[in-house]
Amino acid sequence: QKEVEQNSGPLSVPEGAIASLNCTYSDRVSQSFFWYRQYSGKSPELIMSIYSNGDKEDGRFTAQLNKASQYVSLLIRDSQPSDSATYLCAVRDNDMRFGAGTRLTVKP
Amino acid sequence: ETGVTQSPTHLIKTRGQQVTLRCSSQSGHNTVSWYQQALGQGPQFIFQYYREEENGRGNFPPRFSGLQFPNYSSELNVNALELDDSALYLCASSPGQNEQYFGPGTRLTVT
Numbered sequence: 013q014k015e016v017e018q019n020s021g022p023l024s025v026p027e028g029a030i031a032s033l034n035c036t037y038s039d040r041v042s043q044s045f046f047w048y049r050q051y052s053g054k055s056p057e058l059i060m061s062i063y064s065n066g067d068k069e070d071g072r073f074t075a076q077l078n079k080a081s082q083y084v085s086l087l088i089r090d091s092q093p094s095d096s097a098t099y100l101c102a103v104r105d106n107d108m109r110f111g112a113g114t115r116l117t118v119k120p
Numbered sequence: 187e188t189g190v191t192q193s194p195t196h197l198i199k200t201r202g203q204q205v206t207l208r209c210s211s212q213s214g215h216n217t218v219s220w221y222q223q224a225l226g227q228g229p230q231f232i233f234q235y236y237r238e239e240e241n242g243r244g245n246f247p248p249r250f251s252g253l254q255f256p257n258y259s260s261e262l263n264v265n266a267l268e269l270d271d272s273a274l275y276l277c278a279s280s281p282g283q284n285e286q287y288f289g290p291g292t293r294l295t296v297t
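Line by line, the protein sequences are chains A and B. Number 120 marks the last residue of the first sequence (our numbering); no jumps. Number 297 marks the last residue of the second sequence (our numbering); no jumps.
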């Protein structure tokens, strides 16, 4: 069974801090990795994709991938209350598999 | 907004009935995937269509079926509804095998 694991949280950080979200996956042949943000009652919104080892930065977001350790993470710098949401890690080989999500709360 | 639309927004059905959900993909996207998301869980892959052919399926029974049309819009059909089918059904479109963009979803309640 191919698994994508995330800490369910909730993860609580103060406004302005760095939020660190982690994800591990079991299938070594996975090639594509994604982070989605889902606000309560809404559908997932793509915020980052990463395909090769290392870091990828987009504004306040940095995705980190380590295929040898089968680990992908998302850092959110200068966290804002509007970042409060559930963050879903997704891994793709033949099909897309999602983790259960980590609920992040940013406190003003 | 992603440009992916779904209808209806909400739906209430009775156990044993059949339901059809619809999705219009983003312009230029030829691949559509369907997911089921139960409360507190991540989306679960149902199946994917590429150029009108099913080219991937998750662990869902045959009573979950689909179609993709020449304009790349898609339908999800569920027969013999069960109470556990109550969930948010998400459609995602993509230009290929990478980034997927979700529609707003259809909330299905089975009573």
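I should point out that these hints are in silico values taken from the structure, not numbers from a laboratory. All residues carry an ideal CB built from backbone N, CA and C; glycine is no exception. Some clues are possibly wrong.
Listed next, the stretches of chain A that the computed footprint assigns to chain B, with coverage defined by at least 3 CB atoms under 8 Å from CB atoms of chain B [said to hold, decoys possible]:
hint : stretch
1    : 33 to 42
2    : 108 to 114
Interface residues of chain B toward chain A, partial, derived using beta-carbon atoms under 10 Å [unchecked claim]:
hint : residue
3    : GLY189
4    : PRO194
5    : GLN230
6    : PHE231
7    : GLY244
8    : PRO247
9    : PRO248
10   : PHE250
11   : ASN263
12   : ALA266
13   : LEU269
14   : ALA273
15   : GLY291
16   : THR295
17   : THR297
Taking the hints in turn, this is what the structure says about them:
1. With 0 residues having a beta carbon nearer than 8 Å to a beta carbon of chain B, the stretch 33 to 42 of chain A misses the requirement of three or more and the stated coverage is violated.
2. With 6 residues having a Cβ less than 8 Å from any Cβ of chain B, the stretch 108 to 114 of chain A passes the three-residue criterion, so the hint holds.
3. At a threshold of 10 Å, the smallest CB-CB gap from GLY189 (chain B) to chain A is about 13 Å, leaving the interface hint violated.
4. Interface restraint check: PRO194 (chain B) against chain A, minimum CB-CB distance 15 Å, threshold 10 Å, status violated.
5. Using the Cβ-Cβ criterion of 10 Å, the hint placing GLN230 (chain B) at the interface with chain A is satisfied: the shortest such distance is roughly 8 Å.
6. A least Cβ separation of about 5 Å between PHE231 (chain B) and chain A falls short of the 10 Å threshold, and the interface hint therefore holds.
7. A hinted interface residue such as GLY244 (chain B) counts as satisfied when its beta carbon comes closer than 10 Å to some beta carbon of chain A; here the least separation is about 6 Å, so the hint holds.
8. Interface restraint check for PRO247 (chain B): the shortest CB-CB distance to chain A comes to about 17 Å, outside 10 Å, so the restraint is violated.
9. A cut of 10 Å between beta carbons decides the hint on PRO248 (chain B): the least distance to chain A is about 17 Å, and the hint is violated.
10. Taking 10 Å as the C-beta cut-off, the interface hint given for PHE250 (chain B) is violated, the closest approach to chain A being about 14 Å.
11. At about 20 Å, the closest approach between the beta carbon of ASN263 (chain B) and any beta carbon in chain A exceeds 10 Å, and the interface hint on this residue is violated.
12. With a cut of 10 Å, the hint placing ALA266 (chain B) at the interface with chain A is violated, because the nearest CB-to-CB distance is about 24 Å.
13. Below 10 Å, beta-carbon pairs count as interface contacts, and LEU269 (chain B) has none with chain A, the closest being about 21 Å; its hint is therefore violated.
14. The criterion of a C-beta within 10 Å of any C-beta in chain A is not met by ALA273 (chain B), whose closest approach is roughly 13 Å, and the hint is violated.
15. At a threshold of 10 Å, the smallest CB-CB gap from GLY291 (chain B) to chain A is about 5 Å, leaving the interface hint in force.
16. At about 14 Å, the closest approach between the beta carbon of THR295 (chain B) and any beta carbon in chain A exceeds 10 Å, and the interface hint on this residue is violated.
17. The beta carbon of THR297 (chain B) is not positioned within 10 Å of any beta carbon in chain A (closest approach about 20 Å), and the interface hint is therefore violated.
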